[in-house]
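Each chain, written out:
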Amino acid sequence: MSHQYTEMYEQLGMNVELHGQMIEAIHDSFERQVLSQQGRPEGMEHFDGLVEAAHGERVREILDHKKAGGSFIGTFCIYVPEEIAWALDVLPLPLCGGSGFSVPYAAGRFPRDICPLVKSTLGMAFSGCCPFGGIKDMAVGETTCDAKKKTWDVMAVWGVNMHVLEVPQKKNARTVDLWRAEVSEFRDRLEDISGKRLVAERLTEAVRLINRRRKALAELHSFRMEERPPISGTDVLVATQGSLIDDPARCCDRLEALNDELRQRVAQGVSPIPEGVLRIMLGGSPAVMGNWKLHHLIESAGAVVVCDETCTGTRYFAHLVPEIEGDLEAQLSAIADRYLQIDCACFSPNTERIENIVDLAGQFRVDGMIHYVLQYCHGYNIEAITVAEALKEAAVPSITLETDYSEEDNGQLRTRIEAFLEMMA
Amino acid sequence: MTASMTVGIDLGSRTTKIVVLADDAIRSAEVFDTKHDPLDGLSRHLDELPDVPTIVTGYGRHLLSERLGYQAITELSACARGAIHVRPDCRLVIDIGGQDAKVISVTEAGGFDDFVMNDRCAAGTGRFLEVMASALGYVLEEFGAEALSAGSAVRINSMCTVFAESEVVSLMTSGEDRRRIALGLHQATVERVAAMLPPGATDRGAVMFVGGVAKNPGVVELLRARLPAQPIIPEQPQIVSALGAALIAQSAGEERS
Numbered sequence: 001m002s003h004q005y006t007e008m009y010e011q012l013g014m015n016v017e018l019h020g021q022m023i024e025a026i027h028d029s030f031e032r033q034v035l036s037q038q039g040r041p042e043g044m045e046h047f048d049g050l051v052e053a054a055h056g057e058r059v060r061e062i063l064d065h066k067k068a069g070g071s072f073i074g075t076f077c078i079y080v081p082e083e084i085a086w087a088l089d090v091l092p093l094p095l096c097g098g099s100g101f102s103v104p105y106a107a108g109r110f111p112r113d114i115c116p117l118v119k120s121t122l123g124m125a126f127s128g129c130c131p132f133g134g135i136k137d138m139a140v141g142e143t144t145c146d147a148k149k150k151t152w153d154v155m156a157v158w159g160v161n162m163h164v165l166e167v168p169q170k171k172n173a174r175t176v177d178l179w180r181a182e183v184s185e186f187r188d189r190l191e192d193i194s195g196k197r198l199v200a201e202r203l204t205e206a207v208r209l210i211n212r213r214r215k216a217l218a219e220l221h222s223f224r225m226e227e228r229p230p231i232s233g234t235d236v237l238v239a240t241q242g243s244l245i246d247d248p249a250r251c252c253d254r255l256e257a258l259n260d261e262l263r264q265r266v267a268q269g270v271s272p273i274p275e276g277v278l279r280i281m282l283g284g285s286p287a288v289m290g291n292w293k294l295h296h297l298i299e300s301a302g303a304v305v306v307c308d309e310t311c312t313g314t315r316y317f318a319h320l321v322p323e324i325e326g327d328l329e330a331q332l333s334a335i336a337d338r339y340l341q342i343d344c345a346c347f348s349p350n351t352e353r354i355e356n357i358v359d360l361a362g363q364f365r366v367d368g369m370i371h372y373v374l375q376y377c378h379g380y381n382i383e384a385i386t387v388a389e390a391l392k393e394a395a396v397p398s399i400t401l402e403t404d405y406s407e408e409d410n411g412q413l414r415t416r417i418e419a420f421l422e423m424m425a
Numbered sequence: 001m002t003a004s005m006t007v008g009i010d011l012g013s014r015t016t017k018i019v020v021l022a023d024d025a026i027r028s029a030e031v032f033d034t035k036h037d038p039l040d041g042l043s044r045h046l047d048e049l050p051d052v053p054t055i056v057t058g059y060g061r062h063l064l065s066e067r068l069g070y071q072a073i074t075e076l077s078a079c080a081r082g083a084i085h086v087r088p089d090c091r092l093v094i095d096i097g098g099q100d101a102k103v104i105s106v107t108e109a110g111g112f113d114d115f116v117m118n119d120r121c122a123a124g125t126g127r128f129l130e131v132m133a134s135a136l137g138y139v140l141e142e143f144g145a146e147a148l149s150a151g152s153a154v155r156i157n158s159m160c161t162v163f164a165e166s167e168v169v170s171l172m173t174s175g176e177d178r179r180r181i182a183l184g185l186h187q188a189t190v191e192r193v194a195a196m197l198p199p200g201a202t203d204r205g206a207v208m209f210v211g212g213v214a215k216n217p218g219v220v221e222l223l224r225a226r227l228p229a230q231p232i233i234p235e236q237p238q239i240v241s242a243l244g245a246a247l248i249a250q251s252a253g254e255e256r257s
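First to last, the sequence lines map onto chains A and B. At position 235 of the first sequence (counting the first as 1) the number is 235 in the working numbering, and the numbers step up by one without a gap. At position 49 of the second sequence (counting the first as 1) the number is 49 in the working numbering, and the numbers step up by one without a gap.
Just chain A, same shape as in the assembly (with noise of 0.2 Å):
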């Protein structure tokens, strides 16, 4: 299917027989998981696009945007501020792997116990999977958690240009300070790497870009407060994991074309759910594409996700950057201090993430909350103790999930899931 990029992948010296096989294994479960819903929205369809984009058309558009003298770096999380980035033309495109299929390809040279998002990713780059390898001008990490942070370190050594954002730990006003500092060593490493400089009216431009995305998939995402919410929470994941790999103008487009779409549907009353469904919030680790698992055996055991508490869900869009226009090292602080503001479980204390939970679950109605976990995620395992007991204050029953990508655990998650529905009915 996609043998119209087997010369580009050859250019960029990937294996491209393995490379077919892990595009089908994705396929596979894309099809299982997510295209065989009843009453997807038609808007689905460019995002479902994006599953095969992503190591295609999107591949082709990044070196195009090279050769027209932009630059390109891998992101890993969204404490990445992109503004500057985009501000610059340097492309930044998250790189974390979501597929179970290129887990195995990091066994070996890279620690068991490490979490499956981390194995994907490396496993992709072992095994010549990965399209963006070679092209990128730079690798940013962060140290939001030990296995990343780690990884950084080995990834420098094996040669790749890494840049490491230090987000703090905890926070106050000496860590504002020490990451407003960060965010100004990045903005000065994006000058190196581009070889442009960066100006106000750039950076409003890219504020504005990114705060219509960030609204845009928030409105996606308050659909599903809807007693019958005109969408899947599988397909609101999709659109999400899509958008955040887009150029984000197209992105935006579609999003709110989407949204159209879906104000129309509850106008007319049109819904995919049934009427009556228990609702659940999903809160905890990313779910990055690729991984569609957990909302599918969710929504396939007869409950609806309506809330995603995730970097893939309301982490990335709650906060927006105010769009201060001229004076540039006052924008810097701004986007600062919105990054500062997302509730990564590697912050202690984390209150904030906890109250935010408990108003997530008044505001979208749920019935009770699943705690995501992927294996060996510490920050978001632990932290899901922290949560429960602040939840079941709040009479909202909730369960946690631990699981990484591969399907052998489908049977008793199932159960699990559906016990907790029973419990719940």
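Any given hint could be a false lead.
A few chain B residues facing chain A, derived, Cβ under 7 Å [claimed, not checked]:
#	residue
1	Thr74
2	Leu76
3	Ser77
4	Met117
Simulated from the structure, these hints should not be mistaken for lab results. All C-beta atoms in this analysis are idealised placements derived from N, C-alpha and C, irrespective of residue type, glycine included.
Chain A is already provided as a structure; the job is to place chain B on it using the hints.
Positioned in the frame of chain A, the structure of chain B alone reads:
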């Protein structure tokens, strides 16, 4: 045939249980090994069953539901309902089956308001004990009694079925008494399950121990010692979930009529 006759089928990973209920009385209860082809293994039994409301539960519930059109519920709902029928004062069930270990907080109405299950590995389940009995050369039925006959236990460090088997093999080759190893394995199993108990496990009411492993006197004895109150062990601990499924089929019937 009375109008209130129902069937509950619990298709577990190791054994299948079928209970036929007439009103509140058990008409028949069967326990047999689950075959590699569970449907084929069931067909002879299904032929003999009355054509009455039937609910399926257990690991194979979706298979039966998809192929034969029966309503499926999880083992947790079925077990809670069965337990409250056996003993209305029961508020906590420990269910250790072939590949799952569960602790269920049961409500007076026969539902449940909390539960804990082991994750994907077989640690602390019937499968763990089965593999270990075989590694030590015991038949499963004598394993628990043999363990209890040891004066003291060897501490088993690994709860992973694969690692524990290696540990057992190395202990045997070092000349260790196999009864002491057996006792250590039973202790490890009970510790694993005890870690799943909520705080104040016995405060809400009686505790019941069900599932195939409740037939193992070694686990029963050690669990007794571990709990502040004596656990109830039903006469047929394996059929509680099948019984619960049949009872839920009766309530469903009542709601319809």
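Going down the list of hints, with the structure as the test:
1. Thr74: holds, 4 Å
2. Leu76: holds, 4 Å
3. Ser77: holds, 5 Å
4. Met117: holds, 6 Å
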